Amino acid sequence: NSSAKRLYDWDQFSIYNQMMEMEIVRIQNDKDWKGPQFALLDIYWMTAMRIDGHPSPKDCLHYLLPGPPDWWNHLFYSNLRELAGLS
191 NSSAKRLYDW DQFSIYNQMM EMEIVRIQND KDWKGPQFAL LDIYWMTAMR IDGHPSPKDC
251 LHYLLPGPPD WWNHLFYSNL RELAGLS
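As numbered in my numbering, residues 191 to 277 make up the sequence shown, in order.
Derived by calculation from the structure, the hints in this document are not laboratory data. Where hints are given, some of them may not hold.
Stated by the list, open to error - Estimated spans, in silico, between C-beta atoms of each pair: (1) LEU273 - ASP242: 27 to 33 Å; (2) ARG240 - GLU211: 18 to 24 Å; (3) ASN219 - ARG240: 14 to 20 Å; (4) SER268 - ASP201: 19 to 25 Å.
Predicted model, so just to flag it, every value in this text is computed and none were measured. Virtual Cβ for every residue (Gly too), placed ideally from N, Cα, C.
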């Protein structure tokens with residue numbers, strides 16, 4: 191399974207996640223930023239801890255439903271409501 195790990199960089203996800211978080215914080219603190227505002231919805235650890243989400247130990251690209259994607263949608267919807275002031 192090491193070839194799949196290299197192909198998809200699965201061992202790099204936490205690093206990519208940290209890089210994205212640092213970039214979002216940098217943009218939020220940049221007073222000269224003229225682009226859109228960002229809010230980070232970090233689902234990495236919540237998803238990584240769900241051992242019941244994948245159909246098999248060898249299949250890391252697909253998720254069972256209901257499962258983690260349902261929670262991603264729930265969190266996304268809740269965050270949209272909060273950002274809109276509807277929470």
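Going down the list of hints, with the structure as the test:
| no. | hint | verdict |
| --- | --- | --- |
| 1 | LEU273 - ASP242: 27 to 33 Å | 30 Å, holds |
| 2 | ARG240 - GLU211: 18 to 24 Å | 20 Å, holds |
| 3 | ASN219 - ARG240: 14 to 20 Å | 32 Å, violated |
| 4 | SER268 - ASP201: 19 to 25 Å | 31 Å, violated |
In summary, the structure is inconsistent with hints 3, 4 from the numbered list given earlier, while agreeing with the others.
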